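*Asks:* Please construct the entire structure, taking both the sequences and the accompanying hints into account.
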Amino acid sequence: MMIFPMQTSGFALPILHSPLGLPHVLTLAAALFALGLFAALAHRSFLRILMGLELMLLAAMLNLVAFTSYLHPEGLQGHAFTLLLILLAIAQLAVGVALAAQLMRSTRAPQSSRAPEAEAPEAAAQTETDPLNVDRYDELRW
Amino acid sequence: MDVVIFTILAAFMLAGGAAMVWLPKPSHAAYALVGVMVTAALMVAWLKAEFLALALMLALAGGTALLVMVGLPLLSRLSPLNPSRPDEDRSFWAGIVAVLFLVITYRVLATTPWGAEDHSRLALTDAQRGLEAIRTLGETLRTEYALALMGGGFLVAVAIAVAVALNTSEADA
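If you read the sequences in order, they're chains A and B. Under my numbering, the very last position in the first sequence is 142; numbers go up by exactly one each time. Under my numbering, the very last position in the second sequence is 173; numbers go up by exactly one each time.
Honestly, I wouldn't trust all of these hints.
[Said to hold, decoys possible] Which residues of chain B face chain A? A few of them, derived with a C-beta cut under 7 Å, are:
no., residue
1, F6
2, A10
3, W46
4, L47
5, A55
6, S84
7, A98
8, G153
9, I160
10, A163
[As the list claims (entries may be wrong)] Covered by chain A, per the in silico footprint, the following chain B stretches (three or more residues, Cβ under 8 Å):
no., stretch
11, 14 to 26
12, 36 to 45
13, 57 to 67
14, 85 to 94
15, 102 to 111
16, 137 to 144
Since the hints were made in silico from the structure, they are not lab data. None of the values given here were measured: they were computed from a predicted structure. Each residue gets a CB set at the ideal place from its N, CA and C atoms; glycine is no exception.
*Replies:* Put into structure tokens, the structure is as follows:
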């Protein structure tokens, strides 16, 4: 089985050679989703992970609208789902920022109690004092 | 003309997304995210869903911009927001997962009839049957459950307001 079939189901690939249509929007949404996935997995900061999740939700919204526009242009069902998703994204963002504020309060680093030698490597010290670093969650007492 | 518009919007979205991932300052990354959202709203308008584009622009992009302008300065008052780049250890595996996702998506696109120029070919496929289910669900959501949807939105708004109020009172205390 070929991983990259050049012509299947009447869909000529690469998409650059086909007229503008649904596959192009889906490919763009997939690229956006991949960027969001990378951001959510590669960053250690809670805020950056939240932003990655927002990007992934945006890609999903784009998919819904594209499917409705190209496959079912007279319907509004995909749009209804997208509205629901917008609501979800806003709530997620608001709750996420509120959580970040709480995290900052509960894991605020006691700067004065840190040993001076521990502050020498700046990057390591920054990670240790960053209240939004997900690696510090083990220190929390829930 | 459509190709030019799509190319410009796609380039802006991808550049904004990449900037969001790699810009070190959280505030800059958040502004890049707002840019991506505004471009996505324009893309949705280009897909002939103007009402949804407006909702996306006002609610999501506007809400995110508001949170960026109000939330991040408030957070930085609690503790300075450290600049951060993708972690080197995690980047390798995150890159592999992202590329794997793209390969799987490419594979799905290549083997489904969604790319067919003649969409009437979808009439007898499983994709169409799945679409029927989504249509029924969406129709129900839009009609019979509209009240529940609005009620849910209201409850979410109340929850957000209470969360903000609790945070504010705790901060004052």
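*Asks:* So, against the hints stated earlier in the document, which numbers end up violated here?
*Replies:* The structure breaks only hint 3.
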